[in-house]
Amino acid sequence: MIYRENGQFKTSYAADQQIFPILQDRWAILGILAFAFVAVPLFADEYLFRAILIPFLILSLAALGVNLLVGYCGQITLGAGAFMAVGAYAAFNFIVRVDGMPLVGALLLGGFTAAAVGVVFGVPSLRVRGLYLAVATLAAQFFWDWAFLRIKWFTNDSSSGSVSVSNLSLFGFPIESPTEKYLFCLAVLVVFALLAKNLTRGAIGRQWMAIRDMDVAAEVIGIRPMYAKLSAFAVSSFFLGVAGGLWGFVHLGSWEPAAFSLDRSFQLLFMVIIGGLGSIMGSFFGAAFIVILPIFLNQLLPWLGGLVGVTISTAGVSHAEIMIFGALIVFFLIVEPHGIARLWSTAKEKLRLWPFPH
Amino acid sequence: MAFFLEVLIGGLMTGMLYSLVALGFVLIFKASGVFNFAQGAMVLFAALAMARFSEWIPGWLGVANPVVANILAFIIAALIMFAVAWLIERLVLRHLVNQEGATLLMATLGIAYFIDGLGQTVFGSDIYKIDVGMPKEPVMVLENIFAGGLLINKEDFIAALVAALLVAALALFFQKTATGRALRAVADDHQAAQSIGIPLNRIWVIVWCVAGIVALVAGIIWGSKLGVQFSLVTVALRALPVVILGGLTSVPGAIIGGLIIGVGEKVSEVYLGPLVGGGIEIWFAYMLALVFLLFRPQGLFGEKIIDRV
Amino acid sequence: MARQIGEVILDLQNVSLAFGGVKALTDISFEVREHEVRAIIGPNGAGKSSMLNVINGVYRPQAGEIILRGEHFRQMNPYKAACVGIARTFQNIALFKGMSVLDNIMTGRNLKMKANIFQQAFRLGAARREELEHRAKVEEIIDFLEIQHIRKTPVGRLPYGLQKRVDLARALAMEPQILLLDEPMAGMNIEEKQDMSRFILDVNDQMGTTIVLIEHDMGVVMDVSDRVVVLDYGKKIGDGTPDEVRGNPEVISAYLGAGH
Chain A
1 MIYRENGQFK TSYAADQQIF PILQDRWAIL GILAFAFVAV PLFADEYLFR
51 AILIPFLILS LAALGVNLLV GYCGQITLGA GAFMAVGAYA AFNFIVRVDG
101 MPLVGALLLG GFTAAAVGVV FGVPSLRVRG LYLAVATLAA QFFWDWAFLR
151 IKWFTNDSSS GSVSVSNLSL FGFPIESPTE KYLFCLAVLV VFALLAKNLT
201 RGAIGRQWMA IRDMDVAAEV IGIRPMYAKL SAFAVSSFFL GVAGGLWGFV
251 HLGSWEPAAF SLDRSFQLLF MVIIGGLGSI MGSFFGAAFI VILPIFLNQL
301 LPWLGGLVGV TISTAGVSHA EIMIFGALIV FFLIVEPHGI ARLWSTAKEK
351 LRLWPFPH
Chain B
1 MAFFLEVLIG GLMTGMLYSL VALGFVLIFK ASGVFNFAQG AMVLFAALAM
51 ARFSEWIPGW LGVANPVVAN ILAFIIAALI MFAVAWLIER LVLRHLVNQE
101 GATLLMATLG IAYFIDGLGQ TVFGSDIYKI DVGMPKEPVM VLENIFAGGL
151 LINKEDFIAA LVAALLVAAL ALFFQKTATG RALRAVADDH QAAQSIGIPL
201 NRIWVIVWCV AGIVALVAGI IWGSKLGVQF SLVTVALRAL PVVILGGLTS
251 VPGAIIGGLI IGVGEKVSEV YLGPLVGGGI EIWFAYMLAL VFLLFRPQGL
301 FGEKIIDRV
Chain C
1 MARQIGEVIL DLQNVSLAFG GVKALTDISF EVREHEVRAI IGPNGAGKSS
51 MLNVINGVYR PQAGEIILRG EHFRQMNPYK AACVGIARTF QNIALFKGMS
101 VLDNIMTGRN LKMKANIFQQ AFRLGAARRE ELEHRAKVEE IIDFLEIQHI
151 RKTPVGRLPY GLQKRVDLAR ALAMEPQILL LDEPMAGMNI EEKQDMSRFI
201 LDVNDQMGTT IVLIEHDMGV VMDVSDRVVV LDYGKKIGDG TPDEVRGNPE
251 VISAYLGAGH
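In order, the protein sequences belong to chains A, B and C.
Anchor point for the first sequence: position 43 equals 43 in the numbering used here, and the numbering is continuous, going up by one each time.
Anchor point for the second sequence: position 190 equals 190 in the numbering used here, and the numbering is continuous, going up by one each time.
Anchor point for the third sequence: position 23 equals 23 in the numbering used here, and the numbering is continuous, going up by one each time.
With the rest of the complex left out, here is chain A (with noise of 0.2 angstroms):
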């Protein structure tokens, strides 16, 4: 009842076409906000900062980048972990190689390194879709797995592909400590969330969507498939290098091609489908999920084993993690395949009528 738009009548298209129409969300948006920006860093430690809360905003701007391509143009992908490599080693090469290059000029400049190389991988969606689609993207994370290990000059001739920076600053401020760090991710986090939305609710967002369900009518009126599936690809890479450099940059420090591995590209298509595919809210669903889940585990097996006189050990939980990530994924595909976003939106429904039945 409280959550109800009675009243909230538009009187333009503008009004109507607005991201939050809705005025208690638009407040909740803020207060949000607020407390990511505010509170939260005056009460958070380090630990929360390191563990959850920095890897949870990178991952979601990967997840962002991975559902735009997956859950809004309906282009499968297994070779995310590939772009996110080639973002982060493209802004180190631009950082040591060009002097006075800025962070977020080498970051940005990631990024459309990886829109690049996402182009020229995406070639295969104009031929095949579906599973052939999965294949020919696992040749990129393949591919690029390999380059960044014995090509040496991706990695200014380090031996084991391993690369590190430091000394991060943005305008002169320092982002060093946990919480300059965290503020900085969150800034771009939502910088970019914004550019997702604008162009998941525009021309472009619409013809992925027309691609992804039902591409050939699509083409009948007047959309270039070529178009639609490439630049999604290209949108899509270059908001996976980015989070690739600041995974690199900011949350590892140095890392090596492992960080960006298989297991990556799996992650985050499991982020997605939990999440929610082709929801913006929905990447960040997942996100949290997956974050938050092996660190929850940790704490609950360990205590569920006790409570039954089991000793379980951390490799046990970690080999239980990854039967609850299976597990997990066959359900939501099978019970809710539009994942937490569609459960989300379905209590807000259920919300504007609460306390009334109907």
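Keep in mind that the hints are not guaranteed to be accurate.
No farther apart than 25 angstroms at their CA atoms in a straight line, the calculated lysine to any residue pairs in the SDA-like style are these [unchecked claim]:
(1) K152/C to I340/A
(2) K348/A to I190/C
(3) K152/A to M101/A
(4) K97/C to Q163/C
(5) K197/A to Q119/C
(6) K97/C to Q18/A
If you anchor each label on the Cβ, the simulated ranges turn out as follows [said to hold, decoys possible]:
(7) T179/B to P355/A: 55 to 61 angstroms
(8) F171/A to F118/C: 20 to 26 angstroms
(9) A347/A to V8/C: 38 to 44 angstroms
(10) A347/A to N201/B: 54 to 60 angstroms
(11) G279/B to L194/A: 40 to 46 angstroms
(12) P21/A to E303/B: 45 to 51 angstroms
(13) P102/A to E71/C: 49 to 55 angstroms
(14) G279/B to V216/A: 39 to 45 angstroms
Which chain A residues stay away from chain C? Per the calculated CB distances, all over 10 angstroms, these [to be verified]:
(15) Y13
(16) F35
(17) A51
(18) N198
(19) I221
(20) L300
(21) A327
It is worth saying that the hints were derived from the structure and are not from the lab.
In this text, all values refer to a predicted model and were calculated from it rather than measured experimentally.
Think of the CB as a built atom: it goes at the ideal place given N, C-alpha and C, for glycine as much as any other residue.
The hints should help you fit chains B and C onto chain A, whose structure is shown.
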């Protein structure tokens, strides 16, 4: 020259082993239109079962003879794979009838993770041995034609033989039997097959059981060669390009594709590898598959993929 | 039919189409004049849908030409057809199930939207203006087809008759010169058919759109169309005004039956 032949033969044999794993993919796809990403996990799971049971049985049942232990372990592992097949059909496939390919693919990805975790929880995550009496020593052949002879691995040779036999049996099954035809109908269109009275669920259980056995055989052979460990899953991932090359619906395609990939990998690693830094095995197969996807997505022997308006 | 019927806008010459051994169309020739309503009729399997598919490039004929306002097209594809001003609806409603009615119709404006990805991402200036402009135009179509009440509904939830209307709206959003309607009344009850006939006539009348439609309901065809083409087994067996065609003995025996 002799060296090249050795590389070639080595490649052919590895290729045969890839074919074994690829067979599992082809079977399931042919019969249910599902691309089973979990095949690799099934190979590992089956191999783990075999390895651990052959270890445990002498202790539990006091059986001293390793051959008997192995046979018992094989039977138990096979039964476990049947159970896995039945559970997968019951809990997952049944609920996803007529969903599109991408959804099913992601579901099998989930199954893969689940089986992976389950295997490690139940059977452990160390490296385990499988010893089914495969000869380990290499042998020299053709010493009179080539100076010094060609070094051939007996184990690989036997593995290749087993694979060939299995493949021949399966090819016959699909082409010549009524069940085989029913399986092909199901792969074509679930609903249509259901509506002419083909018992979808039973068929799927049968197919996944057969795929499970194939996974078990592949697991035993690979496990015997490499030891049973997680990298088996990576091997299975290598089998995906094989089915792309050969054609997802073709059993002979799985063999030819496997041979091509096996040879291609070895030859390119030996002759091309040093030029670009080595280690190209991890992507050679996939890049080859990529080329095929661009120009001939149905593979060498697969059916043309038709898009209806 | 208040519009003056103009010159030939679409000319199909000797079109032949075969799928493997099956001859869908054999040597079909007819023309369509600007502002007219041209019906294509014939028994099931006569090749009507194939004809429409050839016009908008979904199928490529083995022989024959499509001449649009004097321009010859040996090879047409759906995108080119859309660019040239040909829109169509589908027998099996090819709507985008994951989007709302409004978004579906907005996709029809795609060719007219020029803002690039960067402009759309930041939603400033040109992109913002465009969205509002085209939204206004789409709302006109929504008013015209009386579907205001369902504009935010996901199309998958709509009843069949309304889905067909949305299909029509999407085609109209392209502001086409030639509108191809593939059995627009299929599966409708009498009321829905009356509504749809009214809409089709209004489109032809108010917007001047040339319409080529496939329809089975003879009453509708006779009332709505200016001229009719009759196909049977992929061959043309009749061509003229509804009255002329009705009196054609070949057409009667093949299709209309003794009752007419």
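The hints, checked one at a time:
| no. | hint | in the structure |
| --- | --- | --- |
| 1 | K152/C to I340/A | 22 angstroms, holds |
| 2 | K348/A to I190/C | 39 angstroms, violated |
| 3 | K152/A to M101/A | 22 angstroms, holds |
| 4 | K97/C to Q163/C | 10 angstroms, holds |
| 5 | K197/A to Q119/C | 13 angstroms, holds |
| 6 | K97/C to Q18/A | 23 angstroms, holds |
| 7 | T179/B to P355/A: 55 to 61 angstroms | 58 angstroms, holds |
| 8 | F171/A to F118/C: 20 to 26 angstroms | 23 angstroms, holds |
| 9 | A347/A to V8/C: 38 to 44 angstroms | 59 angstroms, violated |
| 10 | A347/A to N201/B: 54 to 60 angstroms | 34 angstroms, violated |
| 11 | G279/B to L194/A: 40 to 46 angstroms | 42 angstroms, holds |
| 12 | P21/A to E303/B: 45 to 51 angstroms | 49 angstroms, holds |
| 13 | P102/A to E71/C: 49 to 55 angstroms | 53 angstroms, holds |
| 14 | G279/B to V216/A: 39 to 45 angstroms | 42 angstroms, holds |
| 15 | Y13 | 5 angstroms, violated |
| 16 | F35 | 25 angstroms, holds |
| 17 | A51 | 32 angstroms, holds |
| 18 | N198 | 4 angstroms, violated |
| 19 | I221 | 5 angstroms, violated |
| 20 | L300 | 36 angstroms, holds |
| 21 | A327 | 27 angstroms, holds |
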